[in-house]
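First to last, the sequence lines map onto chains A and B.
Quick note on our numbering: the first sequence kicks off at 519 and runs consecutively.
Quick note on our numbering: the second sequence kicks off at 1263 and runs consecutively.
Hints are supplied without guarantee of correctness; some may be wrong.
Stated by the list, open to error - Restraint ranges, calculated between C-beta atoms of paired labels, are given here: (1) A:545 <-> B:1284: 55 to 63 angstroms; (2) A:574 <-> B:1424: 43 to 51 angstroms; (3) A:549 <-> B:1278: 46 to 54 angstroms; (4) A:552 <-> B:1264: 40 to 48 angstroms.
Hint data in this document are derived by calculation from the structure and do not stem from the laboratory.
Backbone N, C-alpha and C fix where the C-beta goes; we use that ideal spot for every residue, glycine too.
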Amino acid sequence: MRTVAVILAVLTGLIVLLGYFFPVLSGVQTVVLSWTIILAGTATVVGVFSLILVHFNKVTRREKGSVYSVLLLMALFVTFIFGITLGPDDPNMQLLVNAIIVPVESTLMALLAVTLLYAGVRLLRRRTDLMSVIFLLTAAFMLFASATLPFGEISLLNNWIRPWVQQVLALGGARGILIGVALGTLTTGLRILFGADRPYGGK
Amino acid sequence: MSPDLIVGALAFLFTLMIFSYLIGDNPLFRVAVYVFVGVSAGYVAAVAFRQVLLPNLLYPLVNGTTTQRALLATPLLLSGLLLMKAWAPLSRLGTPSMAVLVGVSAAVAIGGAVTGTLLPQIGVTINMFDLRTSTSPFTALFNGAFILAGVVTTLVYFHFGARTTADGSVRRFGLIEFIAFIGSIFLAFTLGVLFAGVYSAALTALIERLYFFGTFFGLG
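Please model the entire structure based on the sequences and the hints provided.
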């Protein structure tokens, strides 16, 4: 089973990768990609089924907080049944989205305003080194410089210093992070395609 | 009661329950979060079934041509094996399907990283020094040098190769350590700007929620 898994991972991965460089393989690449889309859909269903199993076990064992699990299962089943019968684009399904998903996501984002402020203060208390000070001063400066001030905008801040910090100093670091992430992705991907890493369980 | 009123009342209730976290973790917050996870998971499963599995697998299997059906035999088999992952005693059978998923994802990620990030980012860093397109060559050169320094030093910051010194401690090479220190300053600027951006977005969401409260009670 392990050998089959490694062969499948390397073979399908190479077909898709080579399809980018050799147009003759693009037809096969498209077929393999369409299979993977189906597998990704199935994996999503498996993930949700796993969530149901975890919470169902919590309810049957009457573990602490199982009342919340009952609510989760009820919400999940009701939404899934309505989603299957009506379709996710149905206006009635959108009502459900607007009633629960959008307000909860938006409020969690709003809570972030408080927790981020708290985290900033904690950082200054716990770790007062040069990196933390520059980080917090930059954040405070950016917020101040982009805010609408009661006495009008300060030209030096808005037109010179803020753009320079944002588009030169921060851009250099951001580009470094992006290139670093891309190099990391490239290395990890190649290790999988060479069979050195087998995160799918083929040890 | 009109559907809009029910939606508004539910949205108000859930907003209030989530905001209750400001006084600490409490049952109201947990109820809201568990219901949110349930609804989101149900919605995602419905989307996966209706918009991925039904049109790409099940419908062509029933109504498609013989060629279409033959082509779908492989994903059908792999999907069946993947479903075994949900049941512990048979979960090993799902490994080949996971292997295909991981292998193709790795290939797509490599393609995306090279063509979508590496080449464009390196290209745009080099183009900063192309003085033909610049109206102010000195400024372009100055800014380009700063950005290049930021890119290189940030990348060096994430270089963790080290060796054991005479006193037994593990340290990076002195020059690398110095360049990494400069990289950490660039990173502090970058993360500060990103933090300010996220904080602005969070503040906007907070204002929007407070405005929603106002409009719900007819104050807006």
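Against the structure, the hints:
1. A hinted range of 55 to 63 angstroms holds for the C-beta pair residue 545 of chain A and residue 1284 of chain B, which are about 56 angstroms apart.
2. Taken as a hint, the range 43 to 51 angstroms holds for the pair residue 574 of chain A and residue 1424 of chain B, whose Cβ atoms sit roughly 48 angstroms apart.
3. The supplied range of 46 to 54 angstroms is met by residue 549 of chain A and residue 1278 of chain B, whose beta-carbon atoms lie about 51 angstroms from each other.
4. For the hinted restraint 40 to 48 angstroms between residue 552 of chain A and residue 1264 of chain B, the CB-CB distance of approximately 43 angstroms keeps it satisfied.
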